[in-house]
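Chemist: All chains, full assembly: derive it from the sequences and hints.
Going down the list, the protein sequences come from chains A and B.
Under numbering that gives the first Met the number 0, the first residue of the first sequence carries the number 0, and numbering increases by one thereafter.
Under numbering that gives the first Met the number 0, the first residue of the second sequence carries the number 0, and numbering increases by one thereafter.
Do not rely on the hints blindly, as some may be mistaken.
In silico negatives: residues of chain A with every beta carbon more than 12 Å from chain B [what the hints assert, rightly or not]:
#1 24
#2 86
#3 172
#4 175
#5 225
#6 228
Listed below are the simulated DSS-like cross-link pairs for lysine-lysine, each with C-alpha atoms no more than 25 Å apart in a straight line [what the hints assert, rightly or not]:
#7 B:247 to B:76
#8 A:73 to B:1031
#9 A:77 to B:1034
#10 B:1031 to A:77
#11 B:662 to A:114
#12 B:293 to B:395
#13 A:77 to B:1033
#14 B:1034 to A:73
#15 B:1033 to A:114
#16 A:120 to B:662
#17 B:239 to B:82
#18 B:1034 to A:81
#19 B:591 to B:905
#20 B:591 to B:580
#21 A:73 to A:188
#22 B:442 to B:456
#23 A:32 to A:73
#24 B:857 to B:905
#25 B:630 to B:679
#26 B:513 to B:580
#27 A:81 to B:1033
#28 B:286 to B:450
#29 A:73 to B:1033
#30 B:1031 to A:81
#31 B:401 to B:335
#32 B:911 to B:591
#33 B:247 to B:279
Okay, the calculated bits of chain A under chain B, using three or more residues with CB under 8 Å as the criterion [what the hints assert, rightly or not]:
#34 52 to 65
#35 69 to 83
#36 106 to 113
#37 189 to 200
Calculated directly from the structure, the hints in this document are not laboratory data.
Using N, Cα and C, we set each Cβ at its ideal position, and we do this for glycine too.
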Amino acid sequence: MSYIELKNVVKEYASSGAVTLRAVDGMSFEIEKGEFVVIVGPSGAGKTTVLNMLGGMDTITSGEIWVDGADISKYNAKQLTKYRRFDVGFVFQFYNLVPNFTALENVELANQISKNPLNAKDIMEEVGLSDRLDNFPAQLSGGEQQRVSIARALAKNPKLMLCDEPTGALDYNTGKTILKLLSDMCKEKEMTVIVITHNQAIAPMADRIINIKNGKVEKVEMNESPVSIDEIEW
Amino acid sequence: MKILHKDVFREIKNSVGRFVSLFLIVFIGVAFYAGIRSCHPDMQVSADTFYDQTNLADIRVMSALGITEDDVRALSKVKGVEKVIGTYGYDFLCKLDDQQYVVHVMAQTDGINDIVLKSGKMPQKENECLIDDYYMRMRDYRIGSEIELFSGNDTDPLEVIAENKFVVTGSFVSSAYLSMSMGNSAIGSGRVEGLMIVKPEVFLLDVYTEADILVDGAKDLQCYSDAYTDLIKEETDQIKEIAPVQEKIRYDSVISEANEKLDEAKKEYEDGKKKLDDAKKEYADGKQKLEDAKAQVNSGTAQIESGWAQVNTGQAALDDAKKQYEEAKQEFLIQKAVAEAEISFHLQELEYVKNYVEEHFPIDSEAIEEIKQFIYEMTGEYVGLDGLNEIINGLKAEVDAKIADGQRQLDEAWAQITAKEAELENAKSQLYQAEADVASAKKEIEDGEKKLKDAEKEIADGEAKLKEAEEELDEAEQQISKIERSEWYVLNRNYLTEYSSYKSDAERIGNIGKVFPVIFFIVAALVCLTTMTRMVDEERTTIGTLKALGYGKASIMRKYLLYAFLATALGSVGGALVGSKVLPYVILHVYKLLYPNIEVLVYPYSLEHCLVAGGAALVCIMAATLFACTKSLMEVPASLMRPVSPKQARKLLLERIPSLWRKIRFTWKNALRNFVRYKKRLFMTLFGICGSTALLLVGFGLKDAINTILYAQYGDICLYDEVISIDQDATERNRKELDDVLQSDLRFDSHLYIYQTSIDCESENSEEVLSCFIFVPEDPSKMDQNIILKDRKTKEQFSLNDTKVIITEKMANVLNVKEGDELTISVGQKDPKKVTIGKIAENYIYHYIYMTPVLYEKLYGSMPEYNAVTVVNREGTEIDPDELGNEYLTYDAVGGVASISTMKDKFADMLKSLDSITWVLIICAGALTFVVLYNLNNINISERRRELATLKVLGFYDIELSQYIYRENVLITIIGIALGILGGYFLNRFVVTTVEVDIVMFGRQIFAMSFVKSILIAIAFTVIVNLIVHFKLKKIDMATSLKSVE
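Modeler: If you want it as structure tokens, here you go:
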């Protein structure tokens, strides 16, 4: 069994009226431990929904999601919270830093709730922000904020990093450095990293590329020789 | 334009929670404001309507001497008098189950002081009556029950009323008696327990006891309004103008009547005196006669004795004479026999001679010689025979004569003896007679003496009676001289205790209405402001978009204004409609428990209060919305469409001390930073909690203040248990009698004579003329057994001295005076006097000026006439006030008995109503706390939804997340409560002084329990709201919250 396995996952939203919206329609794929995965697809394909379900942020209507030998689709709210707390790190498009905390404190916020956290200052140094430790999010640029966000995800030392359009709100170069940071972390810490993007161009840097369309997996490509982000242009 | 309208309704639909909470806050605020404010006028209008419907007299004229037909006629001619009737009211006793109750019997009237028939029918006959509904229910009377009336004093009830047995035909309520306390009486227990209506013909009095007057145009005015008061004042003055004339007429007639009676009595007295004098004279005569008779008897007795002596000597003489007579008789008889024998000898001789002669015939010479010799021998004479014969015959005649003479002498003596004897017998019988006479005279004397003794006693009695009569006459004279020109009491409705207590109860509610709704309102308005600001902030993007699309500021703003307007207008209208009816309904019904006889309860909408509340709400909230909109609309569309740049977090001062800052946990750091960051909202929350806590504390504090009145006044200050008032007509003898009884009554521990009367009091520092009681204890050293004069704060106890007075605290406040200031006091018609305030003493009910008799004498030149006694019961003695009243009212000196426990109960009843209002207040404050906290927390969550979702994603447990929010709430709650307690403490002071009426001072102290309760309730609400927050947080959907920028 793979490290992560989705089996025929369906997610329906009961929207207004009798119409039910099926955001994810019988999706199945597998991911191995330590892989850098890119999930691509057009807007509305169900990428974020899958990621949310995978990250324990959302429940599924039917199907199974196996992560490291456990079916998280059967988890209750409390178990899901634990799962998020100890096993998953999130990186969002809009960083979602707590505005009230300094960069370092934002990292420490994650770090104080996990079992074997990494040192917050070390992480900040790793993401290259050792000189902005005491700045509040509002005082940081978008790229810097995203780095803090990544640092916060890493600090928990999670099994799984889930990144929802991490470069979506960033300019080209900054986006690139963030992706580089993510792929470096993946390799360095042997962490499974899943990145959602609508940008097909960055697919070559992944170990596995999952194409999604209309709530279904269109195809899964394995990339035997991923290229460095530095070599990719779009 | 149309599409924007659609937007408004869609907005409402999408944010039902916010709309409803906005609506509710406005609703509560306006309802409370309009409702509480309406209570005062509603209470007044209800009462006024009832008064008008029943034609409650505007003015009542009473006089100690009664009101005559002539007075009534005079009154009817006074300008402005619409109607006047003379009527009767008289107190009687009626017995029920061995208890006696005082009932006030009134004549049925028509058109004035009408009654409302509650059951049965009006009395048709003279022996039928109605009784008041409360009495009927309390004493379990039925229609058809019989009531017998007794007099409460010496008068025969049948002198006042034609019947004293009545059949109950029904029950009634009277607007003159709104509650079950029907005033005081001079008889029985001193408390009127029931009312009775009988036909006017039942009363036999020559004069009416009172005249009731309706004033022209008074009905059109609201009776508790100034206009009404002014009108009645004017009318009262007019009536007072004719009063002196009528008073004089009545006075003169009464005085002349009394004088006539007095004269009659005097005459009777004089007659009696004269009779007594006559009797005395007669007695003296009788005595004299008796003395004379005694003297006579004595002399008679002496005479009798001497008579007896004479009789005795007479008897002795008689006896002698009889003896002599017997002897003489014996001698005579002997001599007679001798003489007779001689004579017979001689006759024999003669015979012999004769015989001889015859034999010897013719007789020789010898014979002749011999015969001659013989004759000679015989007679010594020489006589012939014939001679002899003659001699013998002569001798015989001589002897016979001698015998006859002797016999005659004897007979004479005998006759004399017999006469003497008869005489003696006569004297004896006379003596016997005299003796009998003397004996009867003696008896007569004895009788006379007895009679005299009786007469003496009678005279003594008569004298005593006369003396009594004299005293009575004096008394009567004194009383007549005491008959003052019986003043007319021209009373307005205030003399009805219930009328004025209802008024002050209404005022109290009015006072509450002045303070609380405003606070409520401010809290509500501020919360609405925050809500609307938040709403506009949330809609930034939409505003930006619309602006970018080219909509004008006005049309964009319209949506928010419309939203706010709809919520506020609905809330205002709803609040005004519901509040104006429900709150007065609740409060008036609470008061109906106190004043059960109020038949009419109306809750008219007060346009003024509704408009003020609604208008203020609208203006406040529209202004707030406008302000929030303008702020956003000033920005350019581009910046509006960008996410709200998160508010800059700032380093706290605390962070300058890293050693300390590092030790603080994250969540606390966050909370502390949030304080600075969301100043406005936190301030609002703080204000909300603070305000609500303050209101709660004020609510409880008010309860305490009210309870303190009773506990402190009747527990710590007034130690006496009964007040026995002394009848002003009581004589020295009556007083002495009462004093003896009091001294020996074992149920009492001590008693103190006091002089207490109502006075007017003024100071230079205030416009107010305050009516208060002057209180002069006969023995100031006994004050501390009866009344404790002490400082409220320091508890220092005061004693009276002869130079300065002690006044009570509320009075000092009202008159704005302090120790050392001067007061001007006026007692009745006496000249106003100035006194210096020595101390100010704690006191809660009424106002008192305490002074020593010495000071009083200094002021007024004479000692006060003590008119009451305060009595302290012996510890552990339970005394039934009614029984005590019945018992003591039998003494002439006692004018009334008031029991402190009864007074306490009365006050407790009065204040209980305020208690319920306090509860309304507490509940409303609680509701407001809840809505405010809920609303603000909602805003908090919605403002920080993203942050919270992030934390959730990071894997914060629900409880951790809640705690993250709670830190702030707990902190803010603690600070809010602390400030609320502080603010509430001062607010309570303000409220208590505002709410209290003039005659009472509320307690100034809040009990510890009230702090605890207020804090606990505030905490409870916070906990409940936080629980709701907890579930709200649980429901935050991470996926949607984080998906996009709002």
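Chemist: Starting from residue 591 (chain B), check that the Cα of residue 580 (chain B) is at most 25 Å away, please.
Modeler: With Cα atoms ~16 Å apart, residue 591 (chain B) and residue 580 (chain B) stay inside 25 Å; holds.
Chemist: Measure nothing beyond the straight line between the CA atoms of residue 120 (chain A) and residue 662 (chain B); if it is 25 Å or shorter, mark the hint as holding.
Modeler: 17 Å, holds
Chemist: Within a Cα-Cα threshold of 25 Å, do residue 32 (chain A) and residue 73 (chain A) meet the stated pairing?
Modeler: Holds, at roughly 21 Å.
Chemist: Please verify whether residue 1034 (chain B) and residue 81 (chain A) have alpha carbons no more than 25 Å apart.
Modeler: 17 Å, holds
Chemist: Just want to verify: residue 86 (chain A) was marked as not at the interface with chain B; is every Cβ pair farther apart than 12 Å?
Modeler: 9 Å, violated
Chemist: Given the proposed pairing of residue 247 (chain B) with residue 279 (chain B), does the C-alpha separation stay at or below 25 Å?
Modeler: 45 Å, violated
Chemist: Holds or violated: residue 1034 (chain B) and residue 73 (chain A), Cα atoms, limit 25 Å.
Modeler: 19 Å, holds
Chemist: Are the Cα atoms of residue 293 (chain B) and residue 395 (chain B) separated by 25 Å or less?
Modeler: Judged against 25 Å, a Cα distance of about 68 Å means the pair is violated.
Chemist: With the threshold set at 25 Å, check whether the alpha-carbon distance from residue 630 (chain B) to residue 679 (chain B) stays at or below it.
Modeler: With Cα atoms ~15 Å apart, residue 630 (chain B) and residue 679 (chain B) stay inside 25 Å; holds.
Chemist: Is residue 911 (chain B) close enough to residue 591 (chain B), meaning Cα to Cα at most 25 Å?
Modeler: Status holds; Cα separation ~12 Å.
Chemist: Is residue 77 (chain A) close enough to residue 1034 (chain B), meaning Cα to Cα at most 25 Å?
Modeler: 13 Å, holds
Chemist: Does residue 175 (chain A) really sit off the interface, with its C-beta more than 12 Å from all C-beta atoms of chain B?
Modeler: About 23 Å separates residue 175 (chain A) from the closest Cβ of chain B, which puts it past 12 Å; holds.
Hints 2, 12, 21, 24, 33 and 37, counting from the list given before, are not met by this structure.
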